[in-house]
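Residue strings, one per chain:
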Amino acid sequence: MTATAAPQTAAAEPALRIDDLRVEARLADDTLLLVDGLDLDLRPGEIVGVVGESGSGKTTLVRTLIGLLDKNVTVTAGAVAVGGEQVLAPGVDRTEAVRGARIGTVFQDASRSLNPVLKVRSQLREVLKAHKPQLSKAEAAEKMRTVLRRMQIDDPERVLGSYPHQLSGGQRQRVAIALAVVSEPQIVLADECTTALDVTTQAEVVALFRDLVAELGVALVFVTHDLLLAADLCDRIVVMYGGQAAEVGPTRRVLLAPRHPYSAGLLAAVPSWSADGPIRGIDGSAPRVTTAFSGCRFAGRCPRADDDCRSAPIPWSGAAGTRDGYRCIHPLAAAPAPAPAQAASGSAADR
Amino acid sequence: MGRDADTSAAVTAASRERIVGVSDLTVVHQRRGGGRGERFAAVDGVSLHLDAGEVVSVVGESGSGKTTLAMALTALGAHTSGMVELLGHDLARLSQRQIRALRPEVQVIFQDPHGSLDPRQSVKAGFKELRGLQPQRTSWIDDAGLLAQVRLSPDLLDRYPHQLSGGQAQRVCIARALLMRPRVLVADEPTSGLDVSVQAEVLRLLLELRESTGVAILFISHDLSVVRRISDRVYVMRRGRVIEQGATQAVLDAPQEPYTRQLIAAVPGRTLRTAQVAA
Chain C
40 MTATAAPQTA
50 AAEPALRIDD
60 LRVEARLADD
70 TLLLVDGLDL
80 DLRPGEIVGV
90 VGESGSGKTT
100 LVRTLIGLLD
110 KNVTVTAGAV
120 AVGGEQVLAP
130 GVDRTEAVRG
140 ARIGTVFQDA
150 SRSLNPVLKV
160 RSQLREVLKA
170 HKPQLSKAEA
180 AEKMRTVLRR
190 MQIDDPERVL
200 GSYPHQLSGG
210 QRQRVAIALA
220 VVSEPQIVLA
230 DECTTALDVT
240 TQAEVVALFR
250 DLVAELGVAL
260 VFVTHDLLLA
270 ADLCDRIVVM
280 YGGQAAEVGP
290 TRRVLLAPRH
300 PYSAGLLAAV
310 PSWSADGPIR
320 GIDGSAPRVT
330 TAFSGCRFAG
340 RCPRADDDCR
350 SAPIPWSGAA
360 GTRDGYRCIH
370 PLAAAPAPAP
380 AQAASGSAAD
390 R
Chain D
261 MGRDADTSAA
271 VTAASRERIV
281 GVSDLTVVHQ
291 RRGGGRGERF
301 AAVDGVSLHL
311 DAGEVVSVVG
321 ESGSGKTTLA
331 MALTALGAHT
341 SGMVELLGHD
351 LARLSQRQIR
361 ALRPEVQVIF
371 QDPHGSLDPR
381 QSVKAGFKEL
391 RGLQPQRTSW
401 IDDAGLLAQV
411 RLSPDLLDRY
421 PHQLSGGQAQ
431 RVCIARALLM
441 RPRVLVADEP
451 TSGLDVSVQA
461 EVLRLLLELR
471 ESTGVAILFI
481 SHDLSVVRRI
491 SDRVYVMRRG
501 RVIEQGATQA
511 VLDAPQEPYT
521 RQLIAAVPGR
531 TLRTAQVAA
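For the protein sequence lines, the chains are C and D, in the order given. Under our numbering, the first sequence has 320 at position 281, and the numbering climbs by one with no breaks. Under our numbering, the second sequence has 378 at position 118, and the numbering climbs by one with no breaks.
Looking at chain C on its own, in the form it has when it is part of the complex (with noise of 0.2 Å):
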């Protein structure tokens, strides 16, 4: 009932808001931490990127906020709130309540996540029905039609009557989202939704993406791990590593100055298009994170650690009243000024 009576407070309310996040996993014979002190705001019309390699905690990220964990994996520590209000925290599960009503998702295989043997207009009248049952037929049949166009379906009726496999792949990856934004929820989560698209398809999801959230004030939050593509589409970004953020902030600034050495060698890993220089993979692989661990889960591929990275657990860098920082004792140079900069300031961007 707060939903409805949620107006004058919307604006200050963040659509979403993690606080201090801890996702354990229970193995036979110790702890994984998949997720660890994670703080996340995140206001309507806003577009957030989680980047991170494979094992990052990106993807136990956006299942814990639907509700999907395994049987094994709770939260122990932390809470998530939609919309001002609590879904998660300790012992406190109210994900069904929001899955596909207020939170929207969209995973990485569209033809897995689309039922084979049902038609478009099936699949869209199931998720209207469970979250919308108020709509008449029309309306709903008028709405499944909009939705269609909204994703830049020329003909949706034929899609509307197709099954999945008789459509492209961009095609289907567009009733995927069709799928969870069709509901109007408030928050779109997106698991590598683009990165099984070639990049023609792939920069036309991201372009829908964009008009999705400017049309609507829906806030996304975009998971992938290529840095780049998170950079077009997102204002901010949080770069997560081990089972933490590495790294929060606005887009430019983390890209053209990160902080965070793990961010950096990231950035150095992408064959971008300015650079010639050679390319230059991170050694070594992420780590295994147990309750155990202590100190930066980066140091050991980083070229900047030393005996204090190992000792101890890194603190949050942050500036005060703000969700961005880092975290890292040896970080990198600052930008110079965050003013337009003047030639000078080329070498953070060079690296």
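No lab work stands behind these hints: they were computed from the structure. Since we're looking at a predicted model, the values are computed, not measured. For each residue, glycine too, the CB sits at the ideal point set by N, CA and C. Hints are all accurate, no fakes.
Now the stretches of chain D that chain C is said to cover, found in silico as 3 or more residues with beta-carbon under 8 Å:
id, region
1, 418-429
2, 460-473
3, 520-531
Residues of chain C placed beyond 12 Å of chain D at every Cβ, according to the derived structure:
id, residue
4, R141
5, R151
6, E165
7, K176
8, R189
9, D194
10, A344
11, I368
Across the chosen pairs, the derived CB separations fall in these ranges:
id, chain 1, residue 1, chain 2, residue 2, range
12, C, G323, D, G323, 36 to 46 Å
13, C, R188, D, E298, 25 to 35 Å
14, C, P317, D, R380, 30 to 40 Å
15, C, D69, D, R380, 24 to 34 Å
16, D, R521, C, R188, 22 to 32 Å
17, C, Q191, D, G323, 12 to 22 Å
On the provided structure of chain C, position chain D as indicated by the hints.
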């Protein structure tokens, strides 16, 4: 500019022997679900060549015919008309037996490394099977040495595919290809499913192998930023045809065809590019 110097040095270092020559190749498929005898040309009159030590990319979106083209020159896929020459042999004139003898010369690395490895076979058992198929050809190196070539530790020999990370599995696939001492490596979207840091390592490895073995690499990709960094020449395919080709930098920095421009515009990283220009 360092890139240009490196590439030309590599090309001159290797002999400029023609490894693959494709002329006017057409591959016609039956359209899936067509049912009306509908046929279409997945590859339509394509000509292409690949010389020793070259890295040549074929780019285009899904369905443009890239993979069909690659399969035609591995002699795995049949072709309808035109000529495919491998090491000077016209594939159409060879017997099945002769084709089998040529096959080790062309090795393929696929997108999904876990999909190309037998889940029930350890790395070592996989090598053993390949050695059994081609005892003489594969005797040049031992298992540990082979893994060292792809910068993996010999500890991995006893692992099964599910115990390997994506990057490790892809290196094992590359090692298996190398074992045959191929003259051509066809890499079909070999880094698409990998993390960027792992992708970087795999790309670097491919370039090192080109230097050390002189293998020619045909790189199939839709990722133009990767293509730009690793290839000497590029062919742009659309709907089965090569619509633009040339030296990589010439094509990608000054594309002539609207479609090539469109592909380039779709490459992620515009934000970084403009931000860097502004800085």
